[in-house]
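Modelling step: build the complete structure from the supplied sequences, incorporating the hints.
Protein chains: 2
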Amino acid sequence: MENYTLLTDLYQLTMIGGYVAKNKTHQTAVFDMFFRSVPLNGGFCVMAGLEQLVEYIRNIHFGQPEIDYLHSLGIFKDEYLDYLKTFRFSGDLYAVPEGTPVFPHTPLVVVKAPIPEAQMIETAMLNIINFQTLIATKACRVYLASEMGNVIEFGARRAHGPNGALSASRASVIGGCSGTSNVLAGQRYGIKAIGTHAHSWIMSFEDEYQSFKAYSEVYPDATLLLVDTYNTLESGVPNAIKVGLELEAKGHRFLGVRLDSGDLAYLAVETSERLDDAGLTGAKIVISNNLDEIVIKQVLNDIRTMSREKGIDGERIIKRLIYGVGTHLVTSHGASSLGGVYKLAAADLEGDLRAKIKISDNVSKTTNPGFKKLLRFYRDGDMDLDLMTLVDEKFKDFHKRRAYHPQFPYKNISLAEMDRYEELHRQIFRNGELVYKLPSLEEIQERLRSQLASMHITHKRITNPHTYKVSLSRNLSKLKERLIREQGFNNGIENGNGHA
Amino acid sequence: MENYTLLTDLYQLTMIGGYVAKNKTHQTAVFDMFFRSVPLNGGFCVMAGLEQLVEYIRNIHFGQPEIDYLHSLGIFKDEYLDYLKTFRFSGDLYAVPEGTPVFPHTPLVVVKAPIPEAQMIETAMLNIINFQTLIATKACRVYLASEMGNVIEFGARRAHGPNGALSASRASVIGGCSGTSNVLAGQRYGIKAIGTHAHSWIMSFEDEYQSFKAYSEVYPDATLLLVDTYNTLESGVPNAIKVGLELEAKGHRFLGVRLDSGDLAYLAVETSERLDDAGLTGAKIVISNNLDEIVIKQVLNDIRTMSREKGIDGERIIKRLIYGVGTHLVTSHGASSLGGVYKLAAADLEGDLRAKIKISDNVSKTTNPGFKKLLRFYRDGDMDLDLMTLVDEKFKDFHKRRAYHPQFPYKNISLAEMDRYEELHRQIFRNGELVYKLPSLEEIQERLRSQLASMHITHKRITNPHTYKVSLSRNLSKLKERLIREQGFNNGIENGNGHA
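Just so you know, the sequences run in chain order A and B. Residues in the first sequence are numbered from 1 upward in steps of one, following the numbering used here. Residues in the second sequence are numbered from 1 upward in steps of one, following the numbering used here.
It is worth saying that the hints were derived from the structure and are not from the lab. Hints should not be assumed to be uniformly reliable.
Same chains, same label: a pair holds when it works inside one copy or across any pair of copies.
The list that follows gives simulated cross-link-like pairs (lysine-lysine, BS3-like), each with its CA atoms no further than 30 Å apart [said to hold, decoys possible]:
{"id": "1", "residue 1": "213", "residue 2": "242"}
{"id": "2", "residue 1": "297", "residue 2": "284"}
{"id": "3", "residue 1": "242", "residue 2": "22"}
{"id": "4", "residue 1": "250", "residue 2": "192"}
{"id": "5", "residue 1": "22", "residue 2": "192"}
{"id": "6", "residue 1": "250", "residue 2": "77"}
It should be emphasised that the depicted structure is a prediction, and the values quoted were computed from it without experimental measurement.
So this is what it looks like as C-alpha cells:
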C-alpha cells in the first residue's frame, strides 16, 4: 500500500513545526468539519467517505522517504523531523455515519486531539469527505429522479483520475446506484459490475445482426444489445429482437437492449412496444447518453405523456428502464466541488478547553463554537429538525426545550411535538484507537434508504426543496451570542475587509 | 504498487471475451482518441496524462486476484481467463507530447494493435488523458489570465479524491502553475511545495502579533503571513509589517503576506502601498479565495484602474502578486469533464486494414477515418493550422498542397504560405515496447511555453478566441467522402434516430 501521509497542504506541516517549536504540541483543539450549502440548491447531502478517512488516519506514518523529502525542503529542523518519525493520531474523532442525509452547518466530523494531530488530518479529511459526499449527493439526486429506479454508474472514462473513478463508484452506490461499469470498483468494493459491448464490437463485424448473434453465442445468459450503431428502430431493434427470440427459443433469457443516442423517451416507448409485440416482455431497456437527474425526470415525464396519447401503459415502460449515468454523475456536473471546511471550535489555551468562534462579515459564515454533538429530531415519524448542542448537554426532557435559529435566536421553536431524537455522531476513534465497526456498503445503502423513508417529500425535491431546520440548543445559542459580543465588539468585527 | 489492470469498463472485458471466442484476437484495429470541443469555449486544450497512461499500459497484468474476481462474475469461460493470464499490450501507440496545445477532432493518441488490446486500454486512457488534459487546460487559462504570473495550485481539499488531487497538481504544473500546496505532489513529482499557516494558527495564540512573531521565529527565512483573520488593513497588515521589519533588521528576508478574503484588488493596492511605505519593497502579496481565470482578469483590471486613479504604479503591484488557485482549478469549475472519446478508425476485416467511419446525424460527430498522423503548420513563425493526413502520406512538397475542411471539402486553402510543419505524433510503444523517453515536468512546461510563444494572441484569448484551423489532407478528405457515400447511402444514415 502506498503511503499517503503527505497528502496534506504544506501549511499543515509548517504549522505543526511551529507547534513543536513553541511547545504547543499537547494543547488540545476541537475542530468541526461542515459545509455551508448544498450543491445545486438541493435539500441535503449524503454523508460519504468515512471509511477512506479512517484508512488514511490509521496509516499515517512518516517513513524515511517522507522524512528525507521534508528535510530536502530546507525549512524544517531535525528536532521537528524526529518528532514526525513517531507521529500518529492519538485523539478522538466523531462522525455522522455514511449514508446519512446531512444539512448545512452541522458538524459531519468532530475531532478532539492535540492541535498538531487535528491539523495533520485536515487536508485528507476535506479531500475525501468533500468528494465522496459530493458524488453520493449527486447520485441520490439521480436516484430520486429515477423514482428509486435501477441506476448504474458508467463514468470511469470521465472521472477525475483512476482513484477518482473508484471513489466515485463507491460514493454513487452509497447515494443509490445499484451497479457500476468499473470492474476495479467491482473487485475492490463488491459492487455489481455491469456491461456488454460498444459500437466498436458491432463495427468489427460485417453487419449488425452477425455481431449481435456472435455476442449472444458467447454470452447466451447475459445478452444485452446496443441498438443504435446504424439505425435504432429500422435496424438495431429488429436485429436485437431476432437474436432475442433465437435465444429464448433455446431456453435462455434475453436481457434486453441499450439506447445510447437519439430521443430516449420516444425510442423507449417505440422499443418497448416492439419488444412486447415480439413477445419479449421480460426484456429491459437501458438508456444512457449524458443522463443526469434533470434529463431523467424529463424522460419519465415524456414517456408518461406519449403513452397517455397512445393509450398504452407508460408505467410498464418505466418499470423496464435501467439508467446508465456516467460523466454527469461522477464529476457532479453543475457543481464540481463540495465546499466543506474544517474550523476550530475550541482550544485549550491555558489548561482548559475554551470555545472559539470565527466571526465573519457574512453572518452565515460565523462558526458555531464549542465542542458539540448533533441530534436529529423526528416528528410524526419524519425527520424534522437537526439540533446542535454542547457535548455534555442532556436532552432526556427535550419536550420542555426549544431550538434556536443559528443566526437569529429570537426565532426559536418548541420541541414539545417531537416523537424522539437520534444522536447522529458515532465515536470513530478514541485515543487514536478505532472503536467503530465500519459498516458494509449494503448497510450504508440501507441507512440511506431508511432515512429517505422518514424524510418528507418536500425535503426530497430536486429543485426548490423545503428548507430543513438546523438549529442550536439554548446553551449553545447563548454561548455563541456571548462570544460574538465579546470578540466582535472588543476586537472589531473580524474580516472587516473590503473598503475601509 | 497496486494493480490497476481492472480500471476498465466491464464491456471491454466482455467484448474481449467475444473476440477470443470468435477467434478475432489477431485482427488489427486502429483507434483514435480525440475530443470534440474545448471546455469553457476556450481556443485549445493542453495535452497531459501521457506518462500515467504509459505507466498503466506497462503494468497491465491479470494476476490471480483479478482472475478470481472475473471468474466470480460467472459469465467468463476458463479458456478466456487463461488467455487473460498472459495478456499484455503488444501494439503500437502514438501520441502528442504532453504540454502541447491541441485542438478538437485531432487524434491525441492513435493505437494500432490487436483489437482486444486496443479495446483493453480504452477506459484507462480516457480516464487519465481526459482528466489531466482538462486540468492542464484550466491551469493554462488561469496562467494566461495572470499574464503568465506566479500561480500556485492550492486545491487538495476540494479535488476529486487523493489521486485526483495528485493528478490535478501534476496537470496544473503542465498548464503553467509553478507550485502546489500538496506535499505528496511535491514529493512524487518534484513540484515546488508552498505553504505557511492557516487562521487556526493565529487563533491558537492570544493575539495576532504574537502568532506572527512566533511563526517568524520558527521560519525566519520563510515567513509569509496570513493577514485576514481579524481585520486585514487595521490589524493584519500592520502586525505583519512589524514582524517583517523585525525579521529584516536581523538580516532575514521577509517573504510577504497573504490575502484570503475581502476585495482582493482593493486590499492588494492598499497593502502594497503600506509595505512600500514601511520599506518592505521586496515583500510579495499572495492572493487567494475562489480565484479562477475570470476573477484574476478582473483583479488585474481593477488594480490597474485603481492605481491610475491614485496616480501610482499598478504594474509594480501586479509584479509582486502570487496567485493561490484551488477549488476552481482542480475541479475545472464550469466544465468538470473533457469529453474525449476513442473511436475505431480502421480494422483488418479480411487480412487488410480498411478505414472505418462512424457516421452521425450530427455531421461534426462523424469520425475522420483511417490510420492517420497529425501535422502542425507554422506561418510567419506562428502555428497556423493542424492537418490530419493518412499515415503514409509525404508532405515534403507541402507548398503545392491544400488543406480541406473536415466537413465541407469545398472549403480548402493552399499551404503555399506556410514556413514549415512539425509532426505532432511521437511513437510511444512499438510492438508493446516503450520506445519514447518520457520528458521531465520541466521539459513539458518548456514545451508549452515555447508553443504558446508561437501561438497568435487571438488564439490565446480566454473568451471568444479566434478558431484555429483543423483540416484534412486531400487524400483523407477524399477517403472520408467516399466512405460517407458508400456507407451513408447504402445503409441509411447511421444513428438516424429520433422521430422516424
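Quick rundown of the hints versus the structure:
no., hint, result
1, 213 <-> 242, "within (9 Å within a copy, 80 Å between copies)"
2, 297 <-> 284, "within (19 Å within a copy, 51 Å between copies)"
3, 242 <-> 22, "between (78 Å within a copy, 20 Å between copies)"
4, 250 <-> 192, "within (27 Å within a copy, 64 Å between copies)"
5, 22 <-> 192, "between (52 Å within a copy, 26 Å between copies)"
6, 250 <-> 77, "between (75 Å within a copy, 19 Å between copies)"
Checked against the numbered hints listed earlier, the structure breaks none of them; every hint is satisfied.
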